[in-house]
Amino acid sequence: MRDQRWWTWHIAAGAIILVFLGLHMVIMHLDVIFRVFNPHPGHPIEWANVVERAKSGFFMVTYIVLLGAALFHGLYGLRTILFELNPGAGLKKTLSLLFVVGGLALFVFGAWAAWASFQFAITQPAAAAAL
Amino acid sequence: MLDYKGRPNRLGIAGWLGGGRWGAERYLYTLHRLTGLGLLAYFLLHIFVTAARQFGQEAWQQSMARVTGPVFTLGEYLVFVAFAFHAINGIRLVLIELGFSVGRPIEPVYPYRTSVDVQRPLAVVVMLVAAVLVVLGGLDFFVLK
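Here the protein sequences come in this chain order: S and B.
The numbers in the numbering used here rise by one with no breaks, and the one at position 91 of the first sequence is 80.
For the numbering used here, count along the second sequence from 1 and bump the result up by 1.
Honestly, the hints are just simulated from the structure, not real lab data.
Be a bit skeptical, because a hint or two may be false.
A partial selection of chain B residues facing chain S, derived with a Cβ cut-off under 7 Å [to be verified]:
(1) 37
(2) 64
(3) 65
(4) 82
(5) 84
(6) 88
(7) 138
(8) 139
(9) 141
Ideal placement from N, C-alpha and C gives every residue a C-beta, glycine not left out.
With these hints in hand, go ahead and build the complete structure from the sequences.
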């Protein structure tokens, strides 16, 4: 029963990822066609653009939401694939535990990185020459 | 994932290779899994690579320099293609999962209508949308800059 609930969360996480990863991909990779959230010239990974986004509370919060949704969606998907290979009951328990612990650890690290980047970026002076 | 009550998954990974009697959508299933695994692998590394920005400009630029070059550009484009496929195909899967595109039960009167009549065009449409994204991404990655 618990797995059915997680499957529902898997779909819900997919919907969240569709929105925020869609935005992320437009910002990072369709930056010539749709120039959004890249106020400075050059590539989206230019430091000035990175800082500009990191300064925004919106990006800090949605990075963390995207991180959590993507970790759950990806790791639960991988777990489903592995479980379809019919591991024994003990191995299933071990794998589930590994996924939970590993996923939480990655979430804590990534969320801390997003928070620390936000704290760092808001101390940076506003760069001139906004496009 | 529910435990199998009937036959176990005898084919295992080999079952990804053949469409069997499932039809064309089975290959989308295989691609959905392969792209999902690829995206997950990229994403886990991405967490660590981009975390460098909290240490300032130099750390960020060092981190980015390690993943720059034609091979990485091609790899990033493949990630973009995987994203486009996985996202748009995922919309199709959610529509089917939630019962849209399944249809109401009807009398089996000849010529028979099945949910495939809806789901096959749906699969074609989502692949066209994914193809548009792949082309747009290709333009942005390789042509326009």
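Exercise. Is the shortest C-beta separation between residue 37(B) and chain S less than 7 Å?
Worked result: Since the shortest Cβ distance to chain S is 5 Å, the answer is holds.
Does the interface hint hold: is residue 141(B) within less than 7 Å of chain S, judged Cβ to Cβ? holds, 5 Å
Is the interface hint satisfied for residue 88(B)? The criterion is a beta-carbon contact with chain S at less than 7 Å.
holds, 6 Å
Task: Hint check, residue 139(B) versus chain S [nearest Cβ-Cβ separation less than 7 Å] - done: Nearest chain S Cβ about 10 Å off; hint violated.
Checklist line | Interface restraint verdict for residue 84(B) against chain S (beta-carbon cut-off 7 Å) | finding: Check passed: Cβ of residue 84(B) comes within 6 Å of chain S, closer than 7 Å.
Supplied contact hint for residue 64(B), tested at 7 Å Cβ to chain S: Violated - the Cβ of residue 64(B) stays beyond 7 Å from chain S, reaching only about 10 Å at its closest.
Status of the residue 138(B) interface restraint (C-beta, 7 Å, chain S): Since chain S brings a Cβ to about 6 Å from residue 138(B), closer than 7 Å, the hint holds.
message = Please check whether residue 65(B) passes as an interface residue: C-beta within 7 Å of a C-beta belonging to chain S.
response = At about 6 Å, which falls below the 7 Å cut-off, the nearest Cβ of chain S leaves the hint on residue 65(B) intact, so it holds.
Review point. Taking the least C-beta to C-beta distance, is residue 82(B) closer than 7 Å to chain S?
Key: Status violated, d = 11 Å.
When each numbered hint is compared with the structure, violations occur for hints 2, 4, 8.
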